[in-house]
Amino acid sequence: MAFTHLHVHSNFSFLDGGSSVQALADRAKAVGCKSLAITDHNGLYGAVRFYEYALKAGIKPIVGVELDVEPGEEMPRYPNCHPARLTKEKRNHHIVLIAKNLNGYSNLCKIVTLAQLSHEKGEAAAGAEAIKQHSEDIFCLSGCVKGEIPSLVAAGKIDEAKRAALKWIEIFGRDRFLIEMQNNMLPGSALLNAQLAELASELGLRIVATNNVHYAEKNDFKVHDVLVCVQTLTTLDDTHPLRKQNSEYYLKSPKAMANLFRKYPQALKNAEWVADQCDLNLGLGTFRFPDYPLPKGETAYSYLCKLCFDALERLYRPITPNVLERLNHELKVIDDLGFAEYFLVVRDIVQYAKSNGIRCSGRGSAADSLVAYCLGITIADPIEHNLLFERFLNPERKGMPDIDIDFDAARRDEVIEYIYNRYGAKLVRDSSIETTNEDKVAMVCTVSCLKARSAIRDLGKAMGFPPDDISRLASALPHIGGKRIREAIEKYPELRNSNLPISRMETLIDICEKVDDFPRHLSVHLCGVVISKDPLTDLVPLEWAAKGVIVTQFDKDDIETLGLVKMDILGLRNLSAIEDALPMIEKNYGVSLDIDSIPLDDEPTYETLRSCNTVGCFQVESPGMRGLLGRLQPRVFEDVIAQISLFRPGPMQADMINPFIARRHGEEEVTYRHPALEPVLKETYGVILYQEQVIAVSHALAGFSYGQSDSLRRAMTTDRSQEEMEKIKKSFIEGAQNKGVDSQVAEEVFSKLRAFAAYGFCKAHAASFAKIAFQTAYLKTHYPAEFFAGILNNEPMGFYPANVIVEEARRLGIELYGMDINESEARDVPFAVVDNNQTISGIRIGLKHVKNISEAEIASITQARAQRPFSSFADFCLRTKCNRSTIENLINCGAFDSFEVPTGKLMWLLGEIANAARKPKAADQNSSLLFDRLAVDDLDARLMQLPDAPQLTLHERVRMDYEILGLSTICHPMEFYRKKLTKARVRRAVDVREVADNSVVKVAGVVVVCMRPPTRSGTVVVFITLEDETGLADCVIFPKVYEKCGPVIFNNPALIIEGKAQKMGNGFSIIASSVRPLSAHYRTDNKTEIKPFTERRRIAGQRSFVRSAGV
Amino acid sequence: MQQDIQVILNSRHAPIAFEWQGRMQRVREVQECWRLIGAWWDGDGERTFFRVLTEHGGIYELYFDHVDSAWRLSAIRD
Chain A
1 MAFTHLHVHS
11 NFSFLDGGSS
21 VQALADRAKA
31 VGCKSLAITD
41 HNGLYGAVRF
51 YEYALKAGIK
61 PIVGVELDVE
71 PGEEMPRYPN
81 CHPARLTKEK
91 RNHHIVLIAK
101 NLNGYSNLCK
111 IVTLAQLSHE
121 KGEAAAGAEA
131 IKQHSEDIFC
141 LSGCVKGEIP
151 SLVAAGKIDE
161 AKRAALKWIE
171 IFGRDRFLIE
181 MQNNMLPGSA
191 LLNAQLAELA
201 SELGLRIVAT
211 NNVHYAEKND
221 FKVHDVLVCV
231 QTLTTLDDTH
241 PLRKQNSEYY
251 LKSPKAMANL
261 FRKYPQALKN
271 AEWVADQCDL
281 NLGLGTFRFP
291 DYPLPKGETA
301 YSYLCKLCFD
311 ALERLYRPIT
321 PNVLERLNHE
331 LKVIDDLGFA
341 EYFLVVRDIV
351 QYAKSNGIRC
361 SGRGSAADSL
371 VAYCLGITIA
381 DPIEHNLLFE
391 RFLNPERKGM
401 PDIDIDFDAA
411 RRDEVIEYIY
421 NRYGAKLVRD
431 SSIETTNEDK
441 VAMVCTVSCL
451 KARSAIRDLG
461 KAMGFPPDDI
471 SRLASALPHI
481 GGKRIREAIE
491 KYPELRNSNL
501 PISRMETLID
511 ICEKVDDFPR
521 HLSVHLCGVV
531 ISKDPLTDLV
541 PLEWAAKGVI
551 VTQFDKDDIE
561 TLGLVKMDIL
571 GLRNLSAIED
581 ALPMIEKNYG
591 VSLDIDSIPL
601 DDEPTYETLR
611 SCNTVGCFQV
621 ESPGMRGLLG
631 RLQPRVFEDV
641 IAQISLFRPG
651 PMQADMINPF
661 IARRHGEEEV
671 TYRHPALEPV
681 LKETYGVILY
691 QEQVIAVSHA
701 LAGFSYGQSD
711 SLRRAMTTDR
721 SQEEMEKIKK
731 SFIEGAQNKG
741 VDSQVAEEVF
751 SKLRAFAAYG
761 FCKAHAASFA
771 KIAFQTAYLK
781 THYPAEFFAG
791 ILNNEPMGFY
801 PANVIVEEAR
811 RLGIELYGMD
821 INESEARDVP
831 FAVVDNNQTI
841 SGIRIGLKHV
851 KNISEAEIAS
861 ITQARAQRPF
871 SSFADFCLRT
881 KCNRSTIENL
891 INCGAFDSFE
901 VPTGKLMWLL
911 GEIANAARKP
921 KAADQNSSLL
931 FDRLAVDDLD
941 ARLMQLPDAP
951 QLTLHERVRM
961 DYEILGLSTI
971 CHPMEFYRKK
981 LTKARVRRAV
991 DVREVADNSV
1001 VKVAGVVVVC
1011 MRPPTRSGTV
1021 VVFITLEDET
1031 GLADCVIFPK
1041 VYEKCGPVIF
1051 NNPALIIEGK
1061 AQKMGNGFSI
1071 IASSVRPLSA
1081 HYRTDNKTEI
1091 KPFTERRRIA
1101 GQRSFVRSAG
1111 V
Chain B
10001 MQQDIQVILN
10011 SRHAPIAFEW
10021 QGRMQRVREV
10031 QECWRLIGAW
10041 WDGDGERTFF
10051 RVLTEHGGIY
10061 ELYFDHVDSA
10071 WRLSAIRD
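Residue numbers (this note's numbering), protein chains in the order written: chain A, 1 to 1111; chain B, 10001 to 10078.
This is chain B alone, in the form it adopts within the complex (with noise of 0.2 Å):
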């Protein structure tokens, strides 16, 4: 699952909110922040994840990349 979004940011660049599916959904909580690099030398960048529990009760990692400045949607866990 690798699906653009929208992201409203906080002030420490962590999401407050995003889009899906055309629904705003709100973070209750950031559970979780980490950090991964890809394969570099073939001109991957880092992505940084976020496995936010939203205010539905839904969990979601989110994850921004670095390379193209774009926010997506990596995984839905319920």
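Chain A on its own, in the form it takes in the complex (with noise of 0.2 Å):
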């Protein structure tokens, strides 16, 4: 017999359900089901996923929901307690609500939007007037056990349970409301289901079977059981009511339903029924672009044109022929494709950030596009540098466009203010239902889905394995799915060894394999926005976020699925760095920069990113990218742009780095395999490079349009069959035949287009990187405090903690001054001062460094201070609101040490101060937070009373610097290593870089980067940058060495490593042999022995500085 099952959770129910909408849909056709429902809790999360993927198998789809529903007044689950003191699960009656159609499907997300944006995150539930308001072409069923009918029907309630019924007749009608029935073999069942059959009889109700499925099969009951307790924050050990008494809400077959419904024969055709009238289209495979307001008497087109041309002028004079040819070409291409609307709006976007002095750049393959960078959202000359269109939008394949914009971080939700205000509705917590459902901008969310760590966290502990230890491996495992944590606990020596008990290690590893990419809740994406012409609510639920803003309920995926416009307002802390340096610039030099027009052949700007020196540097600041400068000793801007499209997985695992960089320099032939590639593969000396240049490849030796071309190049990135693969390489050489090319030719050609196809790099997006990796390799070269002092402003960025860029700032000369509580500003500022016709650039650190201190305690000391600097100790406590570990804090960095009072007495009186701001105030004070009814000169006075304290050691106070600011401005801490390591012939990093190539060395420091990325051959290989106070020095670890030392490796913060020294060009790198923990013995904590370095360092041909650094 025929049966559908209408009440399923998916793993969208999050933590509540056991499959994924795959695998249910999958499940649901194995066991011959038609058409299947998918009733998430409280959103529609995986309706869309489900709805293609359910097509696709052969499943009708139907969406629906298992929503919270407010208790009536009359009502209520638990009549004797206040609703505020109970959980969400008592308060709450659960119901079953079914899209009949597109108008349902609708209707649905309304409902479910105002659910949850009605209340609290987490806490959504509709009021039966919102689900009346929307409940055209909605089915209704009456729920599990949790709903109102169920659950007065189960407390003998009937005739309180057939009032329940009424009101939602009332609503529904007969006709699409239905009593559920649920047949789980739990103790009871029969009985509730006998009565809620006698209820639907009586009322004239049909009745409808369904299993409240959870998880797809029987053996998944496991996964489900631990999900609830890590939702519950139980262990398995403890009880919880959201946990099943059995395994049997699976999903099953017709025939297991007839069995559990022998009795109740129409239950089963009624489900049936209700699939029958259900039919959803989504309508996918339309866009839905956003209205842009035009000018009277223009079309999106002709305005479009109107701006491309007028910038054009101003970008290029003369304008060529060639030039003109490609904006006609782009702008009808885009015209066919209807996307002209969409241009305007990304233009408005970034003319909006720009005439508010938002820095902004377009990234990824955009910048193709000879329209966006004459629109100014892309800034790399297409022409210039040979980027094809095609790559970026392909006339032959209607894909929505996608164009990436990074926005100045610091302004980012500047922009996003914007676009709420010019294309949607402005929403806030305290908006009005009505105005919600009216909006059209909404944040897109993204799904945090469980990966190896998470899952070990999240399942380990709700298995009740001891919570260091389970933290212990999490944090050792590399960030990989759950299905690959055996492969890597075999692979990394590190991950060997736990304590935990074998079998049931072996349970818990199971279920993070079952569990890999299960959605584990939903947080606000980075950077994505959707913008809709209609509300945004007739196609997508909304609801908040963690952050108090608007989320949408499909990641950025399902909504351009749905033919939505998502756009990435992406948030770029190297553009807040450019920014904030400039003006820094200004005020020190006096020099206005426009940075965007610096010339891109400054020789001492290659000069520095050929030296390696790049820390801070955009895109060229890590290890591997610091040693691929070394050895491609780029010297005009197509080398940078190379150098950052060769860095990657693909090109390193092909192997193309290496014949790329001997083409460049002359060592090796630069041949083509067909003289038709010359033009194509020129610029990079025959080697296929960009995602570009298989376009452009199989344009020129095949024939091919470039549109087809963009189309063979997707094809070759996607996995695709034997057969099909075949088809493509006929046409290809076919076509390459066609054009006098010999046959071989064009299969050896195919093979290589083939094989690079999938990991070739985008030109477009290099070329934007590249700009800015110049734009910051520029400033560091010719004005790093202020360069130095923007990257720690915005700091966390990049690839490296505040304390590596302090000490870059310090090997490069640049003065760094403490925290002082009458100078330190809020942020980082840098400075010039001309000593000796030698301008000295330095450093203050900011406030904003000290551990926990808030914004009102910064803004208290600098408006304090504005009126007069501090006096004292004590005049600082008394005019400020800081509390007492911020002032702790202070005084352990340092803060007051210009007043020479030793830090003990500082802490002793604060402790004083302290006791005597805890007896109780007067009512009427309302000055100081600790300190009211005290004077500055009385705590002078006791200062000096106050009895001498020891004084910390160097090492104490650079320790203290590190544990309250994360830096020091005093000494990097090797310097308290360096007197015995060098007895030990330990070398300093500057001094290994002047050694013979393949000199046995041996260096010490602090770890700053760990890494095992991927290898070409698939063996882990351990990438180790150790900091001293000289510089880097950059470790490779082979398999042996590391299956020795893995965990000496990963569990000690410095290391002392010996190995062979490694050239490659100015690229240096040691190879280890072996690896041991950097130990206290090597310590000296007495400053007086400490040896000061003297370092003369020329920055790339700008100034010299001179430094006399440390103690």
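Hints are computed from structural coordinates only; laboratory data are not their basis.
In this text the structure is predicted, and so the values were computed from the model without any measurement.
Check before you lean on any hint, since a few could be wrong.
[Unchecked claim] Some chain A residues near chain B, calculated using beta-carbon distances under 10 Å:
1. Val226
2. Gln245
3. Asn246
4. Asn259
Just so it is clear, CB atoms sit at the ideal spot from N, CA and C, and this is done for glycine as well.
Mind docking these for me? Both chains are given alone in their own frames, and the hints should help you get the complex.
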């Protein structure tokens, strides 16, 4: 017999579903169901992917929701308890709503949105009135045992149950309100079903059978059980009402359901009847672009043309036929695909940012477009860099255009605010429900999924493992999926030998594998904003995110599937750093620098790049990038673009770096397999490096149009059957033969393209990034103090923490000034002073670095100081509103050192003041937080009376700096180890560079980078960067050494590494033969024994700095 | 009360008779059937319970333990 499951939870019921929508659809198909509903808790989260997958699987998709419903005043579930004191589970009732068609689906979106937005996050519940307002084309089932009617019946309140049923009948009518019956083989199910059937009969309602499915297969019960423990913050040994008592909540076959409902065959037929009535068509495949307010008399296309041609005149002088032809071509494609409005919207947003001084830059394949360049969306000239439009927009493939834009991270919210104001209704938490339903803009959600680390952490806790052991294991795991935990434990020595019980551990890993990629919770996407023409809730349910922002219940992929426009408004802190540095440069040097117009042939900047001293520079600061810079030795901007494209997993795994560099330096002959390839591959010396080149090669050799070529490239990047690939190959070779190319040559080129297509890099993206990389390198070269201050003020960013940036600044001769209560501003401030005709640059560390200091406390300090400087510690205490721990931190990081009072005395006095402050205050006093009723003179006098306390050693001071500020302006911690390390023949990083190739050296330092990137062979190679007071030392640890030293590497903050020095161009690394921890045995705490170091370093031809560092 | 018993089943795997204290008890009616799972993480499995009315008028709760495939009598209700 036919049967459709109408009450089914997928893993989008967030920790209350043990199977994915795909697994459920597959199971439904396997047991012979023709249709299937998904009804997750209070959301349609999985609806779009379920709809798409089910259609492909040949299952009719039915979309619904199991909704929390606010208890009516007349029928609370726990009448003797105030609702506010009840948990959500106890307070609300459940009902199941199912969309009959698109209108019903739209209404579901609205009901869910109302339920979500009218309550705090995680507390969604719909009122009967909201449901009534949007009840059209929706079926309503009375729900599980938590439903209003079943729970009243189970409690013996039959009359109340009837009254409740009448309320729902009034909303949905007798045709669309059904009494739901479940038989999950629990004690009491039989009696409850009999009573429900009787009630339905009395009221003339249909009964309908469901199984309240929570997982696809019976065996998935364990997965569900552990997930519920995670959700309820319990362990398996605890009891909780949300845990199921048996494993009967799986997707049963129609036959099994018939067996369970032998007494109620009509309930089974009615399930099928409901399914037959449902016919949802989401209308996928159409674009829903937002409206752009056009000037009078213009169409989107005409206005776009006008803007582009205006810009063309400005950007290209003289305009060449080539440029003109290219623009006309792009405009035609954009018009044919109907994307003119989209471009105008993007341009409008960029325009807003620029006119308000918000730095921005388009990234990704959009830079392939001359239109995007003319509109000011992208910064790289597509003509100059030979970028191919079809990589961005393929006229033969109507895909949603994707323009991602980086904005100054510090001001990104202003851009989002603008989008809300311009294209949608502004929403705030207390906005009315009506406004909410009309909104056309929302942030896109991201579905945070369980991966290896999070799964071990969450599930391990639920399974009762000791938290410390679980945390240690989770932290040591690489960022991989749950399915690869076993593989990782086998592969990485530091993961072995955990003390966890083996059999239980096996169960944990089994379950982690099963929940791999399961949705864990919803959060705000880093940058996605959806802009719609019509109210969003016609198609998308909305809810609150944790930050008090409204987000869609669909992620970016689902949003695109629905044809809605999603824009990535990315926040790039490097842009903020640039933006911060510019006014400081103007202030210190009187130079108004137009960073977008700096010369791209600035030789000192290339010197910096070639020297590999690129810490802090966008995209080129990682150890691998620095090593590659040393080998590639960039001399022109195209080299920088190539540099950014080469250091990617694909080119590395395909071993493209070596031939490229050899040809770049003329060490290997540049050859082309066919003369037609020369114009296309000349810029990369015959090596295919960019995705755009795959398109150009197909065009040049096989005569494909650019559109066809892009389709070929895309086909090669996705998994294809052998048969499909043969078809593609055949057409390529035929095309080449038609152009007179030898079939063997064509075949060879095709194989290369195929091997390359999967990992090639988009040149347009690389060109956009290369420009920002060059800008940061330029600033570092010419204005290092301002550059580093900009970086530090926008941390965390890039590859390194603040302490590494500070050390780099120190090594480059920038004076670092520590925390001073009368000098430090909120942020780090660079300055330049002229001394003996030499410009000395420095940075004063800002108050924001102090651990746990609040913005209010910083404001309190700067405001009090603006009136007059602090005259003493007591004066500070009485005129600011800082709490005790903040003042302690300020004392310990030396903020009061200028008063020349020992730290111990200040701490003592602070204790006394705090004790005095504990005494009751007069009600009308409104002065300092801690220090009412005290006078500065009294406190200063008391300070003089205090006995001398022992001073901190210098080592303790530096350690305090690291604890409180995360960095130290005094010296690098390795300076305390240097004396004994030198005796032990351990070299400084700067000296290691001077040794001969292949010499055996020892180096010691703080681990600032430790990673295990994928390698071509699949073996594990660890890359470590050690930092000492003189610089960075990059080390490589191959499997044999790693196997022995894995736990040492990952469990120690500082290491001594011995190995062979290896030089490649300017690049340098140590191939480790042994690794051991840097023990305290090497440390010297006494400051007099620390030898200061002096270093002269020339920064790429600009200025010289002399520094007598340290102590 | 946890006593091993012998049970005769019908084609739907429901008891139609069982032997207890040396006497065969014929089942007149299965009043209810339910299933519960124990501490699966400690090796416990599922149990299917049957509340049956015998021809002698006694009400018994029997269960089938899926881990060791054994039938047991868990309660007698009059």
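>> Of all the hints numbered above, which does this structure not satisfy? Sort the numbers upward.
In response: none
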